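Colleague: Those protein sequence lines, which keep their order, are chains A and B. Quick note on the numbering used here: the first sequence kicks off at 1 and runs consecutively. Quick note on the numbering used here: the second sequence kicks off at 1001 and runs consecutively.
Since no wrong hints were added, every one of them can be taken at face value.
Pairs of lysine-lysine, BS3-like flavour, derived with a Cα cap of 27 Å:
no., chain 1, residue 1, chain 2, residue 2
1, A, K25, B, K1132
2, A, K62, B, K1298
3, B, K1132, B, K1038
4, A, K84, B, K1132
5, B, K1298, A, K170
Under 7 Å between C-beta atoms, here's a sample of chain A residues computed to sit facing chain B:
no., residue
6, V40
7, I47
8, E54
9, V56
10, E67
11, R68
12, A69
13, L70
14, E73
15, E77
16, N78
17, Q91
Worth flagging that the hints you see were computed from the coordinates, not collected in a lab. Here the structure is a predicted model, which is why all the values come from computation and not from measurement. Here a beta-carbon is modelled for each residue, glycine too, at the ideal position from N, C-alpha and C.
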Amino acid sequence: MVVALSGLIGIESFSQGLYMTRNGKVSFFSRTPMENIEAVNNEVSSILNLETGEVVFAILVKSFHFERALMEEHFNENYMESAKLPKSTFQGKITNLSSIDFRKEGNYPATVEGDLTIHGVKKRITSSGTVTVAGEKVSVTSALNLKPGDYDIAIPALVADKIAETIEVKINCQYAPKK
Amino acid sequence: MRPRNRIIFGICLALAVFSFPALAQEDLMDMLESETRKDAAPDFATATFKTTRIINGHSVENVASGVLDLRISHRFGFINGGAYELFGLDQATMRLGLDYGLNKRWMIGVGRSTYQKQFDGFTKFKLLRQAKGGSPITVNAVGTMMYKSLKFEDPTRDNYMTSNVFYSGQLLLGRKFSEGISLQFMPTVIHYNLVPGALDPNDVFAIGAGGRVKLSKRISINAEYYYQLPDYHLSGTENSLAIGFDIETGGHVFQLNFTNSTGMTERSFISETTGKFFEGDIHFGFTISRVFTIVKPKAFKEGRENR
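Turn these sequences into a full structure, and let the hints steer you where they fit.
Modeller: Laid out in structure tokens, this is it:
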């Protein structure tokens, strides 16, 4: 009886409070005196669990689009090796969940901690951002700085002055209740 | 409660209390994976070759939509000219070309070669794209028209402008086997309005084979060979063979090559090569490809601040 109950509770907590997006936006920007490089991915999928604060992201590397097609090709072929490592992922948790009231509209500062995997390299990161509650929708924005070197992304000396050491990454996702 | 039941209960409790939260995040990721797999876009093979040409001839690659590709190609003289000709460097023929991607599948291009003062124009269309779980190969169709503007040898006879017009049609069947290896076949027909010899056929048929092996992320070795069918080639011509390297440096691709062909358009290298490769009739040559983005992708049309 208890077993069945605990099982039920488990299942119940699983299907509730899940919010999802399939068209979240992740962009990055590399700024150097030589050249600015920007890429945008509008097909990011993510699930947010409002009850536990857990959040996961799956980002298809090939879905990053650049202003110049050749940059996109080099990004996939030479830097991210997207045929071999097609996805970047994030698995983490909102650490200040208690200070966010998902039933009340408003903007809440939030901190997320978790594992970011890029180019097959997993790193523990912390990032701060904003959670906005508006009606049925929950949106999350965040910005963070990443170093290609931390993720074993080799940048040859020839182009080293065209690619910033620190890349600015922006995240903007609008979640809706998952059906 | 009997001991056996107690153990089972204990295990279940442990599962429910401890492992569930730990597992939950993995499960959330699994859920996301299965949700996104449903509506995943087809995964097309990209960068089968580094540029739109293997060496002399077309590869299955297209110029991206809205991108202009400026191609400057040189072929020096035969290296068996020896030190007197500085191994061919004393002579050079060149082709200046501009290619443009109208959309993802369709590109056009024009060129002018010093060899026989030739103009050329082509249209290339991608019929099929290699994709995971889809087509195993990429198929392109290329149609080229060439016009030799060199003055007629014998101005006293009736000369028609159309006598200097040539057509070529090609199918390109290519496959990227792995990150490093791509192969391609190119059945080709070349039409002559006027042939040089009385017994020469008006239609030359050839089958080309080409491929590349990547030596590093930015360097590949390429080879290309066009076999002319025995009864359908111009007399005194050789099959075209070329071996080369693609070297990529940021916005440029350098193609260095060795070939027995002098011309760089389909009718001049496939059906009018006269050099014997293995007797040293080899041209050293290079092509520089530089791309310019003319029409920005939609997402980049507005300024950064507006996005």
